[in-house]
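S.K.: Each chain, written out:
Number of protein chains: 2
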Amino acid sequence: MSPKITVELLRQLRQVMKSSKYITEPIQAYIIPSGDAHQSEYIAPCDCRREFVCGFNGSAGTAIVTEQHAAMWTDGRYFLQASQQMDNNWTLMKMGLKETPSQEDWLISVLPENSKVGVDPWIIAADQWKAMAKALSGAGHSLVAVQDNLIDAVWEDRPVRPSTQLSALGLKYTGLSWQDKIRQLRGKMAERKISWFVVTALDEIAWLFNLRGSDIEYNPVFFAYAIIGVNSIRLFLDEKRVVDPVVREHLELDSASKPELKVQCLPYESIYTELQAVSSALGPKEKVWISDKASCALTQAIPKIHRSPIPYTPLCLAKAVKNPTEIQGMRMAHIKDAVALCELFAWLEKEIPKGTVTEISAADKAEELRSQQKDFVGLSFPTISSVGPNGAIIHYRPLPETNRTLSLNEVYLIDSGAQYMDGTTDVTRTVHFGTPSDYEKECFTYVLKGHIAVSAAVFPNGTKGHLLDSFARAALWDSGLDYLHGTGHGVGCFLNVHEGPCGISYKTFADEPLEAGMILSDEPGYYEDGSFGIRLENVVLVVPTKPKYNYRNRGSLTFEPLTLVPIQQKMINAELLTQKERDWLNHYHRKCRETIGAELERQGRKEALDWLIQETQPIV
Amino acid sequence: MSPKITVELLRQLRQVMKSSKYITEPIQAYIIPSGDAHQSEYIAPCDCRREFVCGFNGSAGTAIVTEQHAAMWTDGRYFLQASQQMDNNWTLMKMGLKETPSQEDWLISVLPENSKVGVDPWIIAADQWKAMAKALSGAGHSLVAVQDNLIDAVWEDRPVRPSTQLSALGLKYTGLSWQDKIRQLRGKMAERKISWFVVTALDEIAWLFNLRGSDIEYNPVFFAYAIIGVNSIRLFLDEKRVVDPVVREHLELDSASKPELKVQCLPYESIYTELQAVSSALGPKEKVWISDKASCALTQAIPKIHRSPIPYTPLCLAKAVKNPTEIQGMRMAHIKDAVALCELFAWLEKEIPKGTVTEISAADKAEELRSQQKDFVGLSFPTISSVGPNGAIIHYRPLPETNRTLSLNEVYLIDSGAQYMDGTTDVTRTVHFGTPSDYEKECFTYVLKGHIAVSAAVFPNGTKGHLLDSFARAALWDSGLDYLHGTGHGVGCFLNVHEGPCGISYKTFADEPLEAGMILSDEPGYYEDGSFGIRLENVVLVVPTKPKYNYRNRGSLTFEPLTLVPIQQKMINAELLTQKERDWLNHYHRKCRETIGAELERQGRKEALDWLIQETQPIV
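Protein sequence lines correspond, in order, to chains R and Y.
Residues in the first sequence are numbered from 8 upward in steps of one, following the working numbering.
Residues in the second sequence are numbered from 8 upward in steps of one, following the working numbering.
None of these hints come from the bench; they were simulated from the model.
Incorrect hints may have been included.
One copy or two, either will do: identical chains are not told apart, so a pair holds if it fits within one copy or between any two.
[As the list claims (entries may be wrong)] Below, in silico cross-link-like pairs of lysine-lysine (BS3-like), each with a Cα-Cα straight-line distance of 25 Å or less:
id: 1; residue 1: K123; residue 2: K141
id: 2; residue 1: K141; residue 2: K200
id: 3; residue 1: K514; residue 2: K471
id: 4; residue 1: K141; residue 2: K311
id: 5; residue 1: K137; residue 2: K294
id: 6; residue 1: K555; residue 2: K448
id: 7; residue 1: K514; residue 2: K105
id: 8; residue 1: K265; residue 2: K188
id: 9; residue 1: K200; residue 2: K123
id: 10; residue 1: K555; residue 2: K577
id: 11; residue 1: K137; residue 2: K123
id: 12; residue 1: K553; residue 2: K448
id: 13; residue 1: K200; residue 2: K188
id: 14; residue 1: K137; residue 2: K101
id: 15; residue 1: K123; residue 2: K294
id: 16; residue 1: K141; residue 2: K101
id: 17; residue 1: K137; residue 2: K311
Being a predicted model, the structure only gives us computed values, none of them experimental.
Use the sequences and the hints to build the structure in full.
M.R.: And the structure:
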């Protein structure tokens, strides 16, 4: 992987930062966040401005360019990757390490007095703007909104914004009509005396209207905004999209049953002026909900006295708790996904000795096998297929220049998932096709112990996910090891593979309490730089459980794995497991064998079935 | 325990809330926090306004009186106690339960439109003021500073503010002169370009100047403020206190070696005007540090552009990491404390069958035995001595009307501690003098497992204490049990028994990372309302440890128990312990026997030594 050469680009950007053509007054620093106007994690090519400017293409990172410096902040998943993708004009800021300054502190340390720091108000979240503005003004600087995006100004050949075909999901997949979702939302608004709700997150809009698109790779969403009132529904999107009769019928555009369920479609770009118009017609006590992660630009379109910013919108909360139809869909999607992975591993076992399988061809094979399953739509994120030292690059993605051959001598880590019409999957397995070293087995076993500790945890209703994070680390910590990423994220149902408001991480405290019906990943890991990477990930469903007692009638919860793919026993040092952990593993493998075995049988996939049987023998 | 009758008192308070004698405009609600002007947790009798108004005398709680309602918020430790101490004019607001509204939400739900909510700006912290003011103004109300305290207005016979004799601590106890502490503080101020630091917390002032007082029961502190400049030191306190030649010499009041170490003593009450004067003389870029937990009144004496509020002051951080002299002192204090407790338990075992020992007499005996130890100063908090159902009242304190007799039939919980010149102790043991039930043993064993899980935890440098909280609960959660309080708090060295900035709790995320030299409590529990209470508490020292590996050279930490008092084996169901837990317990008891045994021998306390030997047999 060779770094992007950015000398000329930075020169141009610094010129634009002083040019009256784009800005009223010169700025001394320009912040380039990684998000789009919807604060999406995965973004369309036209929005990949941070990647364009510095070369680093991981999913999280913020670049800042001053007259003298260029620095890019990212987290532990990406330290290696970022250091390989950026040239030496850039300083890598390793977030989470004690010695790494925050963006604010760094700016304050390098800027001349009374500096102006610019940022595009559409791609910075309101809460981030606020924190940054406060820190800068405390040090005598100011944060200014630059309306024209300065990266776009120097980006020739910038791709256009996609506008893909929309598809409507019926009750069979969603379990709840969009009309009922609107009714429930209005119920929440009435409880809190809220007149309007501005929906800015793309997955919330897709979920609310039971529509899917493919504007952003891996995420079945489409560019849109919505404003929901007590009696009105405005949907902002490229109007060409609602010419399709299927979409028109789904949204009842020509036949709304009730006036309060009539959807008014407006151009995507008109959201700002429409929101201003709505805001200016508000009564003195009326309030508008908007996510505090919405863009600064849109947030400020609502006068402060009417603005009611919320950390998690009612849609985000409702979407996180899957209904029975969605849960059933997720189960089915995970069964199909496991079928594809069993086939993949059976195939790999046969092919690897020939020396012809590479990280890329293995990833392609996985995709091919998944695509044979019913209702397959696409992948849910770029497959991480990594051998040996590449495995230590936490969010590695194989490229021709980094592509390694799978062999009998190195650990292989594959983190992959798919979008099916009935659900989204995300699974990581780490395997060895020869004989793993004692150290690799030891580390793998600690990771497995952490995975089980979370998966088997029993905890009271109302517990927040971050309180479970240390369970995943205890075995690693005991031996002086750790991993620099969170343990779990919410997973959407045929939606984004990462979603809020729940998660399992030492970094987040604003997560919402876990509830039965939420779906998360459980994915501890261990990464030995330059040598190997280990991660073990299942998607798990939060389910009620009844332990021996029930303190204050609070009720208890635990997790049920939806992912049913064998965990390689060759990688386990069984002596390090407790009896309880061995029981968990045997029970898990029995379930894999029963559920996936039946489906493999049904699909007539004999080789994969043999492999499954062999891999799910109980350990003693 | 009979509740305080508050009908007349509330009538008077509501009258005063409308009286132009005290306030310019009538207020519709009045907030009565539990703190004093220094936001102390324990307070002097003259500051017990919340207790005076509602009757509840626990350490944490906030009362709010409106024209129609009176409500009091407290946490899980105090639900039972508060419900017993308050009459039915008061609504108990159980913090931590999902259905309990926040103070803000409750006010908004009960107040008429455009209400004014009053509070004494000296006893509300600046950060709390800010949050409350924001919430109220968002709902059309306003928070107003009422300069005359309205409780004082209706409180005949209010006690006067104490002004006890000060004592000076030499290097033998402190390990660092106050002059060196000032130098280190100024070093931190220089790093951050801070001109002044306003010290408002009483324990920080006592620690900084190596002085102790006894203005507040159990806390060896004295009422004072300080303003530390780059070249000046102003100490605000009752000037009669510095007539004492020992204090004068300690502070070098008549012989300052260097001008920048000259302490200027000023009247306690003059802090506000002095701080205003300091603030008005500031250059345009000068900054003043003040804790964000300082009073609203004092915080606002500093113009906003000069104010630099900090969550934890450099003194709070420095004080938390004990130096070798302090650690040695804490070790000695805990050895002496264990001697007293071994004697107590030996005595109880002999006396209880006679039926003459009560909660109060047992607590008195514990105090008497502690007072025989060298450098004993007093208790560090009111002894919780509780039998059977009283044990379920988490912060119970025996009173004549609740006093139960210790017997062979009920669980006995004693949580107690002392102030010695060399250190502060805090220890809880739960014991049974007859035969505990299987259920009591089961619960005790879960609590013990939690205690060990924290105490034996290995974790990377930089880990925050709240990440360890769930370790203490896992065994209880597994069986559907829990406890509604945090797991640990920082402990001062001959200072407050509760101190920041570290702790182990699911409730706090703003705790500072754990560092070697910090001292905390480890005290999980289980409480069966109406039946019994279990808590197991050691004070533990954060120490470096060297596990097998050292990921990214971060280094690892663990805890070393300073408390060395046997854990009653009769209460343990050993079958529920893992081998690792049994090893921990045996190792702990061996250490108790060696260290405390030697001291009991030296002090010639034969019966207690016999008891210790009997209680520290290894389990198999």
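S.K.: Check each numbered hint against the structure and report the violated ones by number, ascending.
M.R.: none
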